[in-house]
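S.K.: Construct the complete structure from the given sequences, taking the supplied hints into account.
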Amino acid sequence: DEDTSAPYQAEVEEGLGAAVAILVDTSGSMKDEAPGDSRPKAVVAREALEAMFDATEAFVAKRPEFAVKVGIYNFSSDASTVLPMRTFDRVAVRDALARLPRPGGGTAIGEAMRAARPDLYRAGVFRKYLLVVTDGENTSGRSPEYVAREIFQKSEHGVQIYFVAFDTSADRFSFLKDVQGDVIGAHSGPELRKALDEIYQGRILAEASTLGEREPESR
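Using the numbering used here, the letters of the sequence shown map in sequence onto residues 37 to 255.
Think of the hints as simulated: they come from the structure by calculation, not from any bench.
Beta carbons: idealized from backbone N, C-alpha and C, even for Gly.
Check before you lean on any hint, since a few could be wrong.
Said to hold, decoys possible - Ranges of calculated distance between the beta carbons of each label pair, as one might list FRET restraints:
1. 97 <-> 68: 31 to 41 Å
2. 69 <-> 101: 17 to 27 Å
3. 98 <-> 189: 30 to 40 Å
4. 74 <-> 116: 22 to 32 Å
5. 99 <-> 158: 21 to 31 Å
6. 185 <-> 135: 28 to 38 Å
7. 93 <-> 243: 18 to 28 Å
8. 100 <-> 210: 32 to 42 Å
9. 207 <-> 130: 31 to 41 Å
10. 210 <-> 141: 17 to 27 Å
11. 113 <-> 210: 20 to 30 Å
12. 213 <-> 100: 15 to 25 Å
M.R.: Here it is, written out as structure tokens:
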């Protein structure tokens with residue numbers, strides 16, 4: 037079992053950068069049509085994530101000294117790793133998004149958060165983020181609320197947790213406010229893009245990079 041009781045320990049020297057674990061819902065309901073769109077929610081979500089990663093490419097080109105690491109995970113009745121945490125590589129990310137399994141099964145949000153956690157801890161950068169895209173409530177395994185609180189405490193607030201509630205009520209995830217995280221609701225494909233953009237560019241990349249400038253040597 038992966039260090040469930042171990043305290044948060046950065047296993048590597050941590051440098052300037054951001055590690056982002058992207059958790060994508062592939063439960064059965066993602067087969068349904070997206071509101072205002074004839075395509076399944078899974079397809080619309082994948083497109084929105086593609087657009088989000090286009091922004092990373094531009095960011096990395098401008099800030100070559102700033103490490104952006106990305107891991108991609110999916111969850112239905114259980115969780116699996118699609119792309120292990122690694123330095124951002126557009127081709128690897130595009131391949132991983134294309135490899136997301138077809139929707140089916142339940143929704144193990146909490147288990148997916150637990151599965152991604154060790155990769156974040158080992159990423160070797162100061163700023164760590166969990167970004168969850170889901171269209172439903174947790175149906176199997178530990179609750180996301182339980183896992184969010186556990187991560188918040190054990191990482192000593194070192195992991196920032198963001199959810200995008202796609203075609204589902206954001207109120208389900210209001211507990212995120214208690215762990216200094218946030219949730220944004222997105223009803224349609226365009227709103228999903230906007231929400232991902234706001235969290236990813238507006239917060240994760242903006243925050244992580246300004247933090248780096250303020251604290252060049254905090255060790």
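S.K.: Hint by hint, say whether it matches the structure.
M.R.: Outcome of the hint check:
1. 97 <-> 68: 31 to 41 Å: holds (37 Å)
2. 69 <-> 101: 17 to 27 Å: Given range 17 to 27 Å: violated, Cβ gap about 44 Å.
3. 98 <-> 189: 30 to 40 Å: Given about 35 Å between the Cβ atoms, the range holds.
4. 74 <-> 116: 22 to 32 Å: Check passed, 29 Å falls within 22 to 32 Å.
5. 99 <-> 158: 21 to 31 Å: The hinted range 21 to 31 Å holds for residue 99 and residue 158, with Cβ atoms some 22 Å apart.
6. 185 <-> 135: 28 to 38 Å: holds (31 Å)
7. 93 <-> 243: 18 to 28 Å: The hinted range 18 to 28 Å holds for residue 93 and residue 243, with Cβ atoms some 19 Å apart.
8. 100 <-> 210: 32 to 42 Å: holds (39 Å)
9. 207 <-> 130: 31 to 41 Å: Holds, since residue 207 and residue 130 (Cβ atoms, about 34 Å apart) stay within the stated range.
10. 210 <-> 141: 17 to 27 Å: The hinted range 17 to 27 Å holds for residue 210 and residue 141, with Cβ atoms some 26 Å apart.
11. 113 <-> 210: 20 to 30 Å: Once the Cβ atoms are compared, 25 Å apart, the range 20 to 30 Å for residue 210 and residue 113 holds.
12. 213 <-> 100: 15 to 25 Å: violated (35 Å)
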